[in-house]
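Mind docking chain B on chain A? Use the hints.
Heads up: the sequence lines are chains A and B, in that order. For what it's worth, the working numbering labels the leading residue of the first sequence as 1011, then goes sequentially. For what it's worth, the working numbering labels the leading residue of the second sequence as 8, then goes sequentially.
Keep in mind the hints are simulated off the structure, nothing from the lab. In this text, a Cβ means the ideal position worked out from N, Cα and C, and glycines have one as well. Incorrect hints may have been included.
Unchecked claim - Looking from chain B toward chain A, a few residues come up when the C-beta cut is under 8 Å (computed): (1) P142; (2) S299; (3) K301.
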Amino acid sequence: MKNRFYVISGKGGVGKTIFSLSLALNLLSKGKKVLYNHFDQEPDEALCKSLGIPFIKLTEEECLKAYINKKLKSKVIGNWVVKAPFFNSLFNILPGLKNLVYLGYLINRLQDDPDLIIVLDSPSSGHALTLLESPSNFREILKTGALVKDINEIENLLEDSVFTKIFILFLPSSLAFHEAVELREGIINLKFVEPEMIMNSSFLKMPDLGGDTPTFLREKFVIENLVLNEYEEKFGSLKKIIPHISKTDKTALIKELNSILKRDFNDKR
Amino acid sequence: MIKGKPLEIFCGTGGVGKTTLATSRAVFLAGQKQKVLLITIDPSRRLKEILNLSEKNAGNPETVKFEGVSFSAELMTPSEAFKKIKSYKQEDLKNPILKILTKPFGGMNEILALVEVDFHLKSEKFDTIILDTPPGNHFIDFLESSKKIKDFFKKTYLDIFLFLESNKKNKTPKLLSLLVGSGIEKLLNLMDKITGKSFVSKFIESVNIVYQNRQTFLDALEIQAFLKDPRKSNWFLITSVDHNKMDEASLIKQKASPFMHKDNYFLINKCWSSYLTSWKPSSKLAKDLKKSLKERESDVIDFAAKTNINVLKFSEVFDLRTHEQIKKLSLQWEK
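Looking at chain A on its own, in the form it has when it is part of the complex:
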């Protein structure tokens, strides 16, 4: 795998964070230089540290500051802009602009260090589109200028399947799957790399319980199978399915998932 920028999205609660951290752990174990980022959210530092996963902890404001300073080749203007009360409040009501700058910052880091891989634990679907649409929205607003150059560069990298890999996770439920399909279409409409879909926490893929399988789980299996059929009708066979892991402790969960990734998720590229 040569991908440098992993973007993990999907409906809220499908397990993006657990998957992102497992993926980061997996890449680290292959000797890669990896940074995890939870997109403008506080990363679970204790968890990252206990797993030995380095992370980028940065607020949108700090990104904006760094970005403006870099653009205008000054150490002070960015600080000043972010502090100017008017602009502070302007950026607050324009989250799209902050998203753009954040994305630009992460991509800049990757450009500055050719060995680096970033695993982006992105916001859930609707807001992932806000994030991923931000470059084209602002290109349309700005039309020309230095920022547009950067925007084009961000978009080129998001269109490049060697550089970027987008995973969309979904739980085997109808709503989560449909949201994943919409997100996939949204990303394809933006002409970015085609996302790969992963079904997470499948009870169907757990080891067979035989005669111990209770009625409610059988009902759940029926639902999962229907979702799976719908997937296959649309996209062909689903290659990546993560079984439900019977663990509640996050560290144990991530370690277990990491070993599943090692076993079943090795891309032959």
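Below, chain B without anything else, positioned relative to chain A:
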């Protein structure tokens, strides 16, 4: 049984079932002969799928019939909300910047949602407005948008932009000092460098349009009074047993606490305990599974109990048909 109030908030982290539960609540209250508006401000719009709403009605209430009851449902859209602003003129949304900002994922979602809800509250057409909010962080954005609005609409900024629009060349010394003091002129010059001239003038125009409508945005802040008043609102903080997200739930609770009051409910969705108790597995594998499933549920319930908020448990409905899910969940509100 929990009685309907003028405004009911469904909030929580992503994927816990906010939209499904909010819909079941609307069905339940409509069954109690209440006039209900269910409005989703989550841009992922699962409500559209659940209730089969049509895209052409997006941004306005649509009448929904469900198992013999009827209520109104709306997919909030920022551009339609913008059109409800008092002095809205058609050409306003022709400004390229506003046009993009008011797209569904354009970035003004949360702020315009406040305007939309305020509009419906003031219309007094509904007994209860049920609000299905965006997940976690973005819900906090929604709550905090009032502060952002206040900050943005400070009188000083208004004067500056009105001045820039009316007279870009002749600056009076007083306004000049105001401009320098606020840093706007300096930044606009910098922006000229990065973004080009045409952007700066479109930008000034867009800020002006928004400023001319500042009263609408400021009026929308009156919603806060509703949110804080137990006679006027119910809060449902939702979490789900299949999510390992207690930290996020407590963060939302903490951020929402200035608005919360005695009629808050911790709603625990997708409970399996009623199924698990009757399951008597014999193999170790199955026993371990049962144990871990019980554990994940009791972790959530213990957490909720510690917050001193009334706890409501909703059992998971194992049915792929969302219609059946809503129907069965709506019965659980009768408890």
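Let's test the interface hint: is any C-beta of chain A closer than 8 Å to that of B:K301?
Hint violated; B:K301 Cβ to chain A Cβ min 10 Å, cut 8 Å.
Agreement of hint B:S299 with chain A interface, Cβ distance less than 8 Å:
It holds, given that the least Cβ distance between B:S299 and chain A is near 4 Å, below 8 Å.
Regarding the hint that B:P142 lies at the interface with chain A, is the smallest CB-CB distance below 8 Å?
holds (4 Å)
The structure is inconsistent with hint 3 alone, although it conforms to all the rest.
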